[in-house]
Every structure is written in C-alpha cells, then in structure tokens.
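Order-wise, the sequence lines are chains R and C. The numbering used here applies: residue 1 is where the first sequence begins, and numbers increase by one. The numbering used here applies: residue 1 is where the second sequence begins, and numbers increase by one.
Quick caveat, the hints were computed from the structure, so don't treat them as lab data. Please note that a few of the clues may not be correct.
Chain copies aren't distinguished; within one or between two, either way the pair holds.
[As the list claims (entries may be wrong)] Taking lysine to any residue pairs in the SDA-like style, the calculated list, with each CA pair at most 25 Å apart, reads: (1) K173 with A270; (2) K168 with R197; (3) K251 with A109; (4) K34 with S321; (5) K323 with D50; (6) K323 with I177; (7) K209 with D41; (8) K258 with A98; (9) K173 with K251; (10) K268 with H313; (11) K323 with V272; (12) K5 with E42; (13) K29 with D145; (14) K323 with D25; (15) K258 with A228; (16) K323 with D124; (17) K29 with P107; (18) K258 with R207; (19) K323 with A266; (20) K258 with R44; (21) K5 with A265; (22) K168 with F26; (23) K173 with A47; (24) K323 with G53; (25) K258 with H179.
Fair warning: this is a prediction, and the values are worked out from it, not measured in the lab.
Number of protein chains: 2
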Amino acid sequence: MPDLKFDVLGIGNAIVDVIARAEDDFLVKQGMNKGAMALIDEPRAEAIYDAMGPAVEASGGSAANTIVGAASFGARAAFVGKVKDDELGRAFAHDIRAAGVAFDTPPAADGPSTARCYIMVTPDGERTMNTYLGAAQDLHPNDVDPAAVQSAAITYLEGYLWDPPHAKDAFRKAATIAHGAGRMVALTLSDAFCVDRYRAEFVELIRSKTVDLIFANERELHSLYQTADFDTAVRALRDDAVLAAVTRSEKGCVVVSKGAVVPVAASKVARVVDATGAGDLFAAGFLFGLARGRDHATCARLGVLAATEVIQHVGARPEASLKDLARQSGLPV
Amino acid sequence: MPDLKFDVLGIGNAIVDVIARAEDDFLVKQGMNKGAMALIDEPRAEAIYDAMGPAVEASGGSAANTIVGAASFGARAAFVGKVKDDELGRAFAHDIRAAGVAFDTPPAADGPSTARCYIMVTPDGERTMNTYLGAAQDLHPNDVDPAAVQSAAITYLEGYLWDPPHAKDAFRKAATIAHGAGRMVALTLSDAFCVDRYRAEFVELIRSKTVDLIFANERELHSLYQTADFDTAVRALRDDAVLAAVTRSEKGCVVVSKGAVVPVAASKVARVVDATGAGDLFAAGFLFGLARGRDHATCARLGVLAATEVIQHVGARPEASLKDLARQSGLPV
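Make the full structure from the sequences, and use the hints.
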C-alpha cells in the first residue's frame with residue numbers, strides 16, 4: 001500500500017452528547033428502551049431535556065468518537081459530518097480538530113441546530129440514547145471529497161447514516177470511491193434498532209461486498225439475522241462477510257473471517273462508569289491496527305484496550321493517550 | 001428563626017465551564033498563572049479555545065456551584081445570575097434548575113454571549129481558569145428580588161461580583177436587604193488576584209460588617225492581609241471578621257471566630273482528578289450546616305465532605321448525592 005495521507009476516514013452524524021445520570025425508573029417513565037438509541041424530534045428533545053437531571057455537554061457521534069480514538073493511537077485521521085454554525089457546532093469542530101483529526105465539512109449556515117444526543121447513564125453504567133439529528137440531517141454526497149477518500153487506507157461508515165435522508169448516498173459515494181482506489185470500506189451496524197430499520201439494506205451491503213469489514217455487537221448481530229442464538233448468527237456472518245469483529249461486552253469479542261473465528265478476552269474493570277462509546281472505541285483500536293497491518297488478534301486487543309479506557313469515565317472519547325496506554329500494555333503503536 | 005423559604009440564596013457570575021486537560025508547559029506558553037483565575041476578553045477567549053485541547057462543557061460559576069452543592073445536601077436554595085438566551089445560557093439554566101435550585105433571573109435577550117470559563121486541568125489535578133464574562137457583565141441590582149433575599153436564611157455572595165460593572169451594586173443591595181430582614185450575609189474572597197484587585201473594598205466589607213461570614217483559602221487570605229505568614233493573617237482576620245472559614249487544601253481548614261480557631265482535617269484522597277470547585281463545595285457544606293444550626297466544626301466537616309467528592313472527578317459540581325454521602329459518614333443532614 002502506498003504511503004497514504006490518512007489511515008482512516010470516518011463519515012457519520014456529527015453530534016454533541018448531553019449526558020446525565022438517571023435512575024432506571026426514569027427510563028421507564030420516559031418510555032426509553034434501555035441501552036438503545038432512539039431518534040427523537042425537536043419537541044421530544046425539549047421534553048426529555050426538561051425532565052432530565054443536570055448534564056454535561058461533550059462532543060460525540062459514533063463514527064466521530066471512533067475517529068478521535070484512532071487519532072489518539074497516533075492514526076492520521078479525517079472525519080466528514082454536518083454541524084450547524086452554532087455554539088454546539090463550533091464546540092464539535094473544536095474538539096475533533098483539537099484531537100488531531102482533519103475536519104473540513106462546511107457547517108450549515110441555517111436550518112436546524114447541531115445534532116444532540118441526550119444520554120442517560122444508569123447506575124450500572126449502561127447508557128440509553130435519544131438523538132435529535134438536527135443539522136446532521138443535511139449531510140449530502142457533495143460533502144464527501146473524493147481525494148480525501150482515495151487517500152485513506154480505510155473509509156469507516158456508521159449504520160446510523162441510514163437515518164438522515166441523503167447521508168446514505170454520501171455513504172455509497174464514499175464506498176464506491178474507496179473501492180475504486182483499492183481502499184477498504186468498514187461499516188458499524190450502530191444499534192440493534194437501527195439494524196431493525198434497515199436490515200435488508202445492511203444485509204445487501206454486506207453480501208454485495210460494498211463493505212469489507214463489519215463491526216457489530218451481539219445484539220446488533222442477533223437483530224441482523226433475526227436469531228437469538230449467537231453461534232447461528234456468527235455462522236451466517238461468516239457466509240456473508242469478508243471480515244467482521246463482534247463485541248460481546250464483558251465476554252470480549254470474536255474476529256470472524258472465512259478462515260477462522262478468533263476470540264479475544266475483555267479486560268477486567270473495577271466498575272463500568274459509563275458504557276457510552278465502548279463500541280466506538282473498540283472500532284478505533286481495531287481500525288488503527290488494521291491500517292497499520294497488524295494481525296486480527298492484535299487489532300482486537302487494541303480495540304479492547306480503547307474500549308476499556310472509555311468505559312471507566314463519563315463520556316465517549318478517550319481521556320488518556322491511547323498510544324501511551326497501548327505502549328504500557330506492550331501493544332504495537 | 002422562622003421557617004424561611006430558602007436556606008441559602010447565592011448571587012454570582014453565571015458561567016459555563018469549558019474544561020480541558022493541559023500540560024504545565026501549555027500554561028507557560030499561554031502566559032497563564034497556574035491555579036488562578038484570569039479575566040479575558042473575547043479575542044483572548046477565542047485564541048485560548050483555538051489552542052486548547054478537546055473540551056467538555058459543564059455549568060459552573062463559583063457561587064452557582066456552591067448553591068448546587070447546598071441543594072445536593074437537601075438545602076432549599078436559590079441563585080441569581082445573568083446568562084444570555086443562547087445555547088450555553090439555556091444549558092446553565094437547565095442544569096441549575098435540574099439540581100433543584102430556584103433560578104428566576106431573566107436571561108439577556110441580546111448583547112454578549114453567556115459567560116465561559118476556559119479551565120485547564122494539569123496532571124496534578126490543579127485547575128487554571130480564564131473567564132470571559134460575557135452576559136454576566138449585565139447583572140444589575142434590578143435582578144435582585146427583595147422578597148427572595150428576605151426569605152433566605154443566608155445570602156451568599158462571591159468576590160468575583162466586583163469584576164462586572166453593576167454586580168457589586170446588586171451585591172450591596174442584597175446585603176442591605178438581608179440584614180434589614182435579620183438574615184446572614186456570607187462572602188467568598190474568590191481568588192487571590194481578585195483580592196488584589198479589590199483589597200481595600202473587601203477589607204471594608206468585612207470591617208463594616210456588611211458581611212457576617214468570610215470564606216477564603218490560604219492564598220486569598222495572604223493576599224487580603226499582604227502577608228506570607230498564615231498565623232499573622234488569621235490574627236488579622238479574627239480582629240476584623242465575625243466568622244470565617246479558611247481552607248488549606250490537604251491541610252484541612254480552620255474556622256475562625258472571636259472566641260476560637262477550630263481546625264478540621266482534610267480527608268485523604270487517592271488522587272486529585274480535578275481541583276475545580278473544591279472551595280465552592282466546601283462553602284456549600286458549610287453554608288448548609290450553618291443554615292440548619294450546626295456547630296462550626298460540623299459545618300466544616302460537611303464542607304470537607306463536599307470538597308472531597310468534587311475533586312475526585314472532572315467538573316465543579318457534585319456527581320453523587322451529598323445528602324447520601326453525609327449520611328454514610330454519620331454527618332447530620
């Protein structure tokens with residue numbers, strides 16, 4: 001592979017997280033599906049915000065978190081996503097650039113405000129998400145710069161891009177450009193309910209080899225193949241996908257390819273403070289390893305390392321240098 | 001004392017914190033005075049934000065943090081401070097109300113944006129603050145509701161109110177109303193450089209008994225009496241003040257009154273994650289205890305408990321219920 005400009009380029013919904021602690025009965029009262037991501041409109045966003053406790057704001061967005069995580073390992077990274085030119089949009093742009101990520105998508109001058117995800121963190125560390133897409137609705141194929149995609153070893157796309165109206169076109173455009181240049185395309189299935197909404201299209205993306213690498217957690221995989229049996233789902237995935245990494249929370253993960261199913265253990269943590277970003281950061285480590293030519297088990301270990309860091313504090317982006325943590329653990333960076 | 005509506009009413013600058021980790025050499029390069037609060041204008045705010053790392057946003061403001069802390073103990077609490085009707089202003093209002101605090105100051109419809117404090121947290125947990133006052137400049141005596149002040153056992157004021165042009169008039173108005181109703185007035189000296197700016201006025205406030213209770217840390221007290229000797233400063237304070245609580249970081253605190261100097265020890269913590277809010281939360285516990293008629297040592301222990309909670313995580317407001325923590329420690333709530 002020639003010396004490319006980027007190890008990984010991500011495309012996703014550009015979102016600011018609004019994070020509060022909540023008791024389980026708050027989720028019940030609000031009709032929230034624990035552990036899931038629900039799409040909400042502006043009136044519902046206001047109602048949730050009025051009802052929820054004191055919050056902190058932090059840049060989020062699934063693919064954006066992943067790209068920031070990859071940059072923390074030392075990856076050369078870029079992100080494409082749409083904010084509005086408002087206070088939260090400027091915070092999003094500041095945070096991702098300050099993390100060393102190239103971010104050149106022009107903000108929307110008018111229209112809805114920057115996307116917000118209202119995240120309730122329950123005492124067990126689980127997070128329940130409610131996303132108001134706002135300006136992220138306006139991501140358009142024109143926002144994808146062909147030269148940037150061509151010069152990225154891996155283009156990483158989130159399944160959530162199926163929610164806004166034009167973003168899936170941006171997704172397909174990027175995948176076509178990447179493959180045209182001989183690059184790799186990766187997809188995260190994002191969320192079990194997201195898979196529910198777009199199951200047929202996601203299966204088609206995988207079977208048609210529009211994507212070369214799939215990230216999924218157990219629930220998303222079960223939703224994709226509509227089975228409650230993990231081994232059945234993994235067999236189906238082996239038939240369909242070139243390469244997949246399936247995360248299983250405290251049970252670690254498995255890397256699934258035609259030739260093998262490689263399990264990698266999770267790390268023990270004293271307490272899960274906030275699970276937000278666990279999957280995103282697993283993908284960060286895995287993608288970084290893959291872009292640097294590491295074997296699948298090493299990629300998975302880098303993923304576990306990053307996920308372990310992010311679940312031990314509030315927020316979905318690393319607080320420590322993942323490069324330093326990897327070095328301390330004897331992993332290659 | 002009759003059954004009042006509020007245990008404590010605070011008046012202060014309404015500020016949203018923008019918190020990032022930074023190395024010590026960043027402070028040096030930026031010409032920042034470690035551990036202090038500097039006032040900055042908008043161009044400097046932009047330059048600092050451009051230079052600083054990824055940040056999180058969280059409601060702050062010294063007196064506001066104190067009032068939220070008091071509410072977390074179970075105090076009936078109110079806050080007066082000026083935000084703009086913008087995204088950060090709405091976040092400030094949401095957060096303080098969601099903490100159970102009455103907050104009725106009307107936001108500014110135009111003019112400068114909601115105040116922001118850019119906080120650099122160094123690896124030792126110390127915080128260095130840069131405040132753009134923005135809309136907080138527009139706090140005015142009209143924003144002080146006499147009925148609210150009359151119905152609060154203690155009115156709590158921050159020395160930082162001397163920085164905006166009209167806020168000190170709001171301060172004096174509130175103090176006059178409180179004393180007219182037979183209530184107590186407390187003041188925090190806020191910051192050693194703030195004391196430098198307004199030393200003569202602060203000494204006058206104390207000697208004239210415009211304030212009945214002083215909160216200060218060691219550096220502020222040394223600045224007030226322009227001495228490097230702690231005992232000299234405490235003697236001067238005993239001569240001037242009715243009651244004072246002086247915090248000394250890991251050395252605990254002393255409660256100074258005409259009759260006695262009562263020392264209370266600090267709690268051991270494994271690691272100071274972020275010292276932001278330590279003084280504010282000490283005041284929260286002390287004020288709560290005082291409003292509920294506790295003795296000075298108990299008030300100080302409640303203060304130490306709250307400060308200990310807040311320095312063990314990022315951000316200046318409690319993440320846990322201080323009422324629950326106090327109960328677990330056998331302190332009265």
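Going through the numbered hints above, which ones does this structure break? Give me the numbers in ascending order. 1, 3, 6, 7, 8, 9, 12, 13, 17, 20, 21, 22, 23
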